[in-house]
Every structure is written in C-alpha cells, then in structure tokens.
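Asker: For the protein sequence lines, the chains are S and G, in the order given.
Start counting the first sequence at 1; every next residue gets the next number (the working numbering).
Start counting the second sequence at 1001; every next residue gets the next number (the working numbering).
Hints were generated in silico from the structure; no laboratory data involved.
Possibly wrong hints are sitting among the right ones.
[What the hints assert, rightly or not] The following label-pair restraints were derived from C-beta to C-beta distances:
(1) Asn-386/S to Gly-1402/G: 54 to 60 Å
(2) Phe-1362/G to Pro-347/S: 55 to 61 Å
(3) Gly-1501/G to Ile-357/S: 39 to 45 Å
[As the list claims (entries may be wrong)] If the Cβ cut is set under 8 Å, some of the chain S residues that face chain G in the computed set are:
(4) Ile-57
(5) Lys-128
(6) Tyr-215
(7) Glu-245
(8) Trp-318
(9) Arg-325
(10) Val-327
(11) Asp-329
(12) Phe-330
(13) Ile-357
[What the hints assert, rightly or not] Derived DSSO-like pairs: lysine-lysine, alpha-carbon spacing no greater than 30 Å straight-line:
(14) Lys-332/S to Lys-1220/G
(15) Lys-1606/G to Lys-400/S
(16) Lys-465/S to Lys-1606/G
(17) Lys-1606/G to Lys-251/S
(18) Lys-391/S to Lys-569/S
Positions of the beta carbon are idealized from the N, C-alpha and C atoms, including for glycine.
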Amino acid sequence: MSNIQKKEKPKRNIGKNLKLMMKWMGKYGFLLIPAILILAFESYLRTIVPLFGQHIIDVILPNNSEVSKLPAILGDLILGDRPTQLLIAGGLIILTALVRSIFIFSRRAISGVFAERTAYNLRNNLYKHLQDADYHFHSHSETGDIIQRCTTDVEMYKRFISEQIIQVGRLIFLVGFSIWQMSRLNINMMLISLVIAPILFITAIFYFRRVEKMYHIIEDNEAKMTTHVQENVSGARVVKAFANERYEINKFDNLSRKFTDSDYKLVKRMAIFWSSTDFLSFIQFFLIAIIGIIYASNGTITLGMYTAFLAYAGNIIWPMRQLGRLVGDFSKAIVSVDRLDKIISNPGEYVDEENKIKPEIKGNIEFRNVTFKFSDSIEDQIVDINFSANKGETVAIIGKTGSGKSTLINLLVRLLDYQKGKILIDNNEVKDIEKHHLRKNIGFILQEPFLFSRSVEDNIKIAAKGVSEDRVKSVAEIAKVHEDIVNFEEGYQTLVGERGVTLSGGQKQRVAIARMLINPKPILVFDDSLSAVDTVTDMQIRKALKEEWKESTVLIITHRITTAAEADKILVLEDGKIVESGTHNELIKRKGAYKNIWEIQSKIDFRLK
Amino acid sequence: MNDKLRDEEHFSSKKIDWDVWKKIFSFLKPVKTYIILGLIVVTILAAGDVLYPFLTKYAIDDIIIPNQDLIENGLEPDLSGLRTLIILFVSFMIFQSISIYLFIIAAGKIQTELAFNIRKKAFHHLQELPFSYYDRTRVGWIMARMTSDSRNLSEILSWGFIDLAWGLLLMFILTTFMFVINYILALTVLAMVPFLVIVSIFFRKYILKAYRSIRKVNSKITGAYNEGITGAVTTKTLVLENENFDEFDDLTTDMRMQSIKAHLLQGLYFPSMLFLISVGVALVYLVGGNLVISTSAALGIGTLYLFTNYVWQFFEPVNNVANIYARFQQAQASAERIVSLIETELDIKDTEDVIEKYGTLFDYKKENFEELKGDVEFKHVDFKYNVGEKVLTDFNLKVKAGETIALVGHTGAGKTTIINLISRFYEPTKGEIIIDGKDYRKRSLGWLHSNLGYVLQTPHLFSGNVMENIRYGKLDSTDEEVIAAAKAVEAHDFIMKFEEGYQTECGEGGSRLSVGQKQLVSFARAILSDPKILILDEATSSVDTETEQVIQAAINKLLQGRTSFIVAHRLSTIVQSDKILVLENGKIIEQGSHEGLINAKGYYYKLYTNQYSEDMLHPNKN
C-alpha cells in the first residue's frame, strides 16, 4: 500500500507492522487506554504498600510522628492511640489491597475482552480472505503453512497485544514508581539499588536470543522424531513385510536420543542462566542490605525506610529478566504480523463483482477465440478455442492430461480468467456476470471432489439446507450412491470427510454429483468426475441425468470413449488446441486422434473374443 | 475393517489409579539418582527461603536497633556484627545459586530421560503389535501418545513433582520455624493459609478446565481452516462462502466467549490471593504491632518484619500445590493412555517354542531359518475381523512354488483379506495356512517376513533419499546392489535424471516423487529384498503412457521365480498370470487361466468386458 512513498527494507519493516497491529485492533484498540491507565494506578498502589510498613515501624511503634513517608491523605487518617493507629493502618492495608484487586481484575477483564475481540476479528478476517482468495492462490500455497499462520501466528499476535504490551507497561510503571518512591526516601540508596538492573537486563536479552536458536534445534529434532513415528505407523505394512522392526527401533532410538539430548542441553543452559542471574540479584540485595544497615545504624535512614528499600529492590530486580524476554517476543510478534499480512493483503477474487449483471441463465454457451496463459508460465495453456453448445446439448471433451481440458472449463466458471477472446453465456460475456450468480447456475463437479466433515446427508444438501429427506434420497438415487449410503452403518447420518469414514473415490464422486443435483442448474460441468465409477454405473448415472435434466447443457470431460460417443459434440484437445471436433460418427470417419483411441479399444474387444 | 476406532474420550476416570501410576513410576528407575538429588536440593532451597528473611530480622534486631540506641545516647555505632552477617549472606548466596542450578539440572534430566524412556518403550511395543492394531487405530491417536502424552506426563513428574516437594517442604519448614520464633504470630499467619489453599484449588481447577475447552474449540477452528483451504475450490463452485463463514463465525464466537471466561477466571485468581495475603499482612501488623508496643511481651521489630514476609512466603507453594493438584487429573489421563498403548495385547505373536528356535522379532536366529520354497496352501480357512461378519468360510487354495496368482473381484470380495492372511498380518480364525508343508505359525514371523516382498497399491516411501528407500528392502546391501535393483526395474534412468541422483530426497511420504516414480522405487525395494513370496497390491492409479509400460515390464521382472499373489487391475498382468481367482463374498466363484475363463463366459468374462474399455483408455490419462 505504501511501498511507493517509502522504499523500506523488506527485512523487518517494524513501522509498517506496528501500524498493521494497530489497524487490526480496530475500534477495540481504544480499550488499551483504560487498561493502561488502570495499570498505572495499580502499579502506583503497589509502591505504596511498603510505605505502610515504614509508617508502622517508624511512626506507630516508636511513637514518633515526624517521619512518615505515606502520602499525606493516607498518613493523616492514622490517628488515635497506638493500638487504634495499628487497627487503622491494618484496615488501610486491606483497603488498598481491595482497591488493587479491583483494579487488577478490571484491567485483566478489559485487556481480555480487547485481545479476544481482536483475535476473533482477525480469525474471521483470515477465513474470509482464504475463501475469497482466487484459484491461483489456492493452487500455489501449502495448507500446513497457511494453517500455521492462522493459528500460531494469530496466537503470537494476540499474546503480544494483550499480555506483552501490558507486561511492558507494568514493568515501566512499577520500576518508575519504585525509583521515585526510593528517591523520596534516600537518593544514594536509590542509586545503589539500580546497579545490577542493567546487567541483568542485558544478560537476559542475550540469553533469550541464544535460547531462541536452541528452541529451533529442539523443534527440528522433535519434528524429525515425530515424522519417523508417523511414517513408521502409516507404513506399518511395509515395515512388517520387510521385517525391518529392529532397524526402525534403532533409528527411532537415535532420533529420540538426539531430541532428548538437545532438550537437555537447553536445560543446562537454563540452569546456568537462572542460577547466575539469581546470584546477580542476590548481590543487589546484598549491597542494599549491607549499605542500608550502615545507613540505618548511623541514622541516615530510619529502620522503616530500610525495610521499604528491601521491598523496592525486589520491584526492580525481578522484572529485569522478564524484560529481556519481552524484547525477544517483540521480534517474534513482528514476524507473525508480517506472515499474517501476506494473507490479509490479498484482495481476493470478488473485488468489483457487486455491480455486475445477474441475468437469467438459459444455457447457450459459446467460446470465441479464447486464449489463456497462467501468470507464471511462458506458453499459452489454452489457444484460440472456438466452439458453441446450445441449450440442452452435451459436449464431450477428451484429451491427455495437460492438454488443457480442466483449464477450459475453469474458464467457464471463472475460477480462471482468460486473457483474449470471449466466453458467452446466452450472449452475455461471463466476465460481466457476477461470479456468485454465475457459479450458482453452473453445476460443477471436480474429479477429486471435496466432502465436508459432516454427515452424508448434510453434504448432499449443503447448498440447499432446507430440502426434505426425500429430495436428498432422490438425488442420491440419480447419482447411484443411495445403495452405498444405506449400507453404511449409520446410513445418511454417517460422518464423512476428514474426521469421518473414508469413502472410496467413486463414492465421493457420486456423493458430489448428488450434492450438485440438489439445485436445478441450466449448465452442468463434469471434470472427469465419473472416473472412479465403474462403466456400468457411469452409464446408468448419465442415463438418469438425461431423463431428469433434459434442458441442461452438459460439458463433460472424460476418458471413456463410450461416454464421449453419446455426446452431441466431441472436442479433442491437444496442447490447448482443439485438434478435432464433431460427432462420434463424423470423427471415426477421419483418421485422427479420436479414431486412434477408438481403434485401440476395438483391438481389445477383439482380443477378448 | 472399520472396527470401533479407539476413542480419546473414554479415558477420563477421576479416581487415582495406582496400578497405572505404579507402571509409570517404573520408568523413573533409571533416573533415581537425579530424583534423590532433586529432593536434597529442594530441601536446601526451602530451608534457604525460610532463612533468608531471617538475615534481615537479625540485622534489624541485633545491629540496627542497638546502634540506633547507641546514637541516641551520643555514642558511635558498632558495626562489628556486620561481619557475621556478611559471611552468612555470602554463603547463603552461594548455596542458593548452586542449589538452583542443581534443581534445574535434576528436574530437566528427569523430564527428558523419562520422556525418552516412555517413548522408547512405546515405540518398541508398537513394532511388536500386529498389523490388525494399525488397521483399527488412528495414526493421530498413536502420535498423541508418543508426543503430547509423554511430554505432559514427564513434565508433571519432573518439574511438577519437584515443585510440589519444594512447596510442601517449604510450608512445613516455615510453619515449624514460625512456631519456634513466636507461636502467636505463627497462628495469625496460619489462619490465612486454609483460605489461600481453598481459593487456589478452586481457581486452578476451573482455569484448567477453561483452557481445556479452549483447546477443544481451537482444534475445531484449525479443522475449519483446513477444510476452508483444502475445500476452497469446491466451496467456490457450490457458492458456499457465506454459509461456511457463518459456521466459522459460530466457532470463533465460541472461542472468544470461552477465552474471555478464562481471562476473567485468571483475572480473579491473583487479586483474590493478593487480597487474602494482604489481610494476613494487616493481621500480622495488628497483632505483632500490639505485641511490640505492649510492655509485657517484648517482640522485636525484626520479628514483626519477618512474619509479614512469611505471609507472602506462602503464596508460591500454595499456588504450586494447587497447580499440580489441578493438573494431576490430566496427567492421570495421559498416564492411562500411555499404559493402554504399552499394554495392548499382541493378537499375533510367536509361541515360546518358536521364539526359542527362531529368535524374537528383534533378534533373529537366522542360522535356524529354513529356506522358503514357496508352496502355499490354505486349508479350511475361516476368517473374521474383530468386529463384523465372517469374511472367509472354509477357504481352500493350493499354490505351487513359483506360480503367479491373480485375485480378481469387487471391493469387499476378500482379496485384501487373503493377502493379509498370507502375510500373517492376520491369522486364520479357523483352519491353517501351510507354507512348504508346515503351518506357518510353527515358524516365526521374522522367518516369513524376511522372505516376503510386498508392494502396496499406494507405494509408501519414507523421508530420506532414494538410495535409502530402496535399501529398505535389504538393509545390508551395498550401493551397487541398490543400483542393480533399480536398473532391474528400469528405475535407474529416472533416478539419474534427478540432479542429485540416488541422493535425491524423497520428501515426507515420498511427496517429491510422482506416483509412477514412487511405484518404481517400491519395486526396486522389493526386488532387492529378493523375496520368495511376493505380494503385489496393484495400483489402479493413473500414470502416463510411458511409465505405464515401464511399470508393466518391471512387474514382469518382479514375478520371475517367485510365488506371487496379485490383486490385479491391469489387464496384462491378469492375462499373464498362471491362475486367476475370481472372488465374490469370500468364495472362489471361478478360477482358471485367462483363456479358460473368457471361454467359460461367466462372471469373469462379464467383469472384464465391462472394464476393458476403461482399461484401454488409461494410457491416455497420464
């Protein structure tokens, strides 16, 4: 979007990614303001707590009203005889804790709502973009990688904008207020209590960066081990048939050992880091304790102040290690945002579609000099295609894989858009017809159809949720899959798809046909979608279809000559061109490719007899 | 074969199952030393945590206050006590740092080694399990056992239990110490502890529960993304974008609600603890302060300070104990799942006598292996899968060494079952299978499998390079032997066309090779192993014309001089086989040579006149 204004380094575009972070928050981003305000109050109150101790030790117990460091509003409340003062002080401690608790809870509630709202919007946004992304996007991306982005990276982002921003804020406020409170007590002591903090911070940054690399190695080793198990289990037949159990075990033990060792190496590193930084922290406490004792002994500070300093030192020391980790988290979050933006910045294929026409579609199709080239290839995939099909006609397309059959029909439903020529449906160019409308009117069945994880029945009526059970059965019967379905243990309620039973290729194709038949369509397109169905059933399905849907225009890609022979027109495709077209009878009279295929088949028949 | 798939959900018992834990604890034996080390270190740490504030008490009561008195009286402060303090402090620092180091080392060692041992045992057992186990167990189920369950369990048994030990010890030492110093203040502090425990356990439990349901929704969302991506084109052609989005929105809304609930619980937990502890601190100041100012009981300010610290000291151990308590149930579920895997009975295994003679699955006694000739006979074999109807009834078949048998018939006719039985992936429920005149159960699985070659319909390659994948057929073969095998099945040419030749990585599951190439590699693997019995589950998958021819040639090569069983789809394979068995419902309905069966004009004739036309068109469908 802003690449023209500024040519920033592509490596880590922090400014742009921060802007994206803000943008994705939307209006919920404003919730961060109250959250941070509360955070400031909350941190301030926390630095008050040691002052109650100071007040009790310095004012109430020795009965000396001079030296309270409590804010006057609170200090002035503690009046009366000494037991009463103690009672009031105790009450105020509890009251402060109550206010703090309420603050903490409301801050967490606000940031929780903010983070989850943002993540929710982001997840939906991603899903929408994935659905809208064009055919090219889907054929060029890896599912695993995209899922990783939609889950892990979203989580990363969410954690950053909620927990990590808050953590940074809390550290800043807490450390800031603590330093301020200490400066009120004694400047020298304050300075001493800051000696170790920078060392800790820097050590932590280095450590977490190093550890980051180790994590990668561990993950890698674990992945190798997991892959081995996965392959071993899914290839159990091969392992057993070749009697390689011993080998598999040795290999696994090696991989598992390697993973364990790298994991343990990290443990050792951790042990060094935590023990040495603990040691550094102890040095800080040691300094404050010893110098504090000297100051308190010669009267420079009071006893209560001494105890307060001990508390403030903790407020500064412990967070420093965390701050080191947060620096690392920040860079991770930036990377995640970048990866997510790759999906979200994709405009999708439905841009500018709203204003296009939605004509009634009758089913006359015409291809006029259609030429198409994939954006990443040099040669045209489809070259100057001309043909027409009138309403109710059947056109068969045959040809080798790679000859452009599937591309041709993808152009018809605009999964791809041609560069030259025109495709007309009832004299409207398909590019002028709104995509959804176009696709709703064309029944398109893929060679490897996708079934959703739900029951067979729900799959069949997925595009027409309200239809009756009888209608579902009748289309299943036309598609010759009813018998198969009722033989499943749970009939039409059998769960299919990823988490359900595995259907055979032929069953899938037939369910997909039934699914398409649930709504009447003026145009039907079969992309070799009966290839896994046996010839007899194939014929029965096509016969039943013909009876039910006389009016529909049918385009059918097939490898079966018997299927092609029945069509009104046959197109033979080779290298994206139509090399032959005509009816079966016309084509077998010519000595072309079609005749060739036909002859091979005759030979077989001959041999059979 | 669709036996009831193993289900995650039925492992949710609530009672502690000591039998399960005993088995899990046995995995801890190799790291006993580290457990002892861990416990010692944790004791030192807990004692240190209690003593540390005591240093301050000593400073206050024995150095600062006496000195302040001296100054008030116009005298010089006496800092001689400081030396003792410095020595104590420095030794505390050193001790504590070393203990922390050792603590992490011990817990880390226990964790990593425990996980290693569990995985080792589980994987070992997986290799022994018969094929039927894999048929009815989802890969994901096994993977979960090997990864998340073993990790979960090893974490809680190392960090978790050491933390628990630390927490309990700390509370114990702290309590004792407090009573020694001042029982009134000790009782004041302890009054708060039960409330802390109750609140902690309550929240920890519900927070964990909330996270569990978040994980559930999360996996549904991941599934939905997966479906959205892999089914994208189908969605487009059916124009289902809006419907899909609405369903997805239901999931993410659920996720949002659950997550906010978890945030609220988390958000309540810490403030409640903070509040309770502050009440404790206030009480200590109140009770202790009154003790300080009352003339009768002389309580030092240092002691008062000490006790306000001790109230805070309870926070972490209580938190830890509650955490472990909450996670324990989850850990038990993991433990049960792992034990159930490790203890899965072996349906198919060699008898003691057989093992005695032929060795175990992992340690063959090769010297006792008789040479396998290849006569195979099914004698009155009945077979039925665990659940379901009988697949074979009184099945009889006699095959001479070296014959090629084609099995033909519809899906479910029993072709795969016969192959499974010959491979002894399953055993007959009745009757016997005789190889070279002897029931194959009288010899070992290792004997049979080291003489068996198996080529799958969908060839299975492992990640690793081509060389390694072929060598899988015979692990001790030289590079030359591997190459010779590849040449024999005409795979050599395409392999050499790769930039890295035999070192080309096949990718996970062989994903970087085409189907035809994978097929050839698996043929080379089979021919390298030089099996006496060959099982060929022939592929119907379409490959291009040239590959089709190459594969056919390779098959012919493979079949030479072996007893072969082929689930046949390719016309030419069937035509050339010695005997064709036409199966229907587990029975041989026709058998004979190709010509004989065609002339008989029976079922086979009908089946193939229907399918020939399709078969012949395949070459065009590259």
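Asker: Identify every previously stated hint that the structure contradicts and give their numbers, smallest first.
Answerer: 3, 6, 8, 9, 10, 11, 12, 13, 16 and 17
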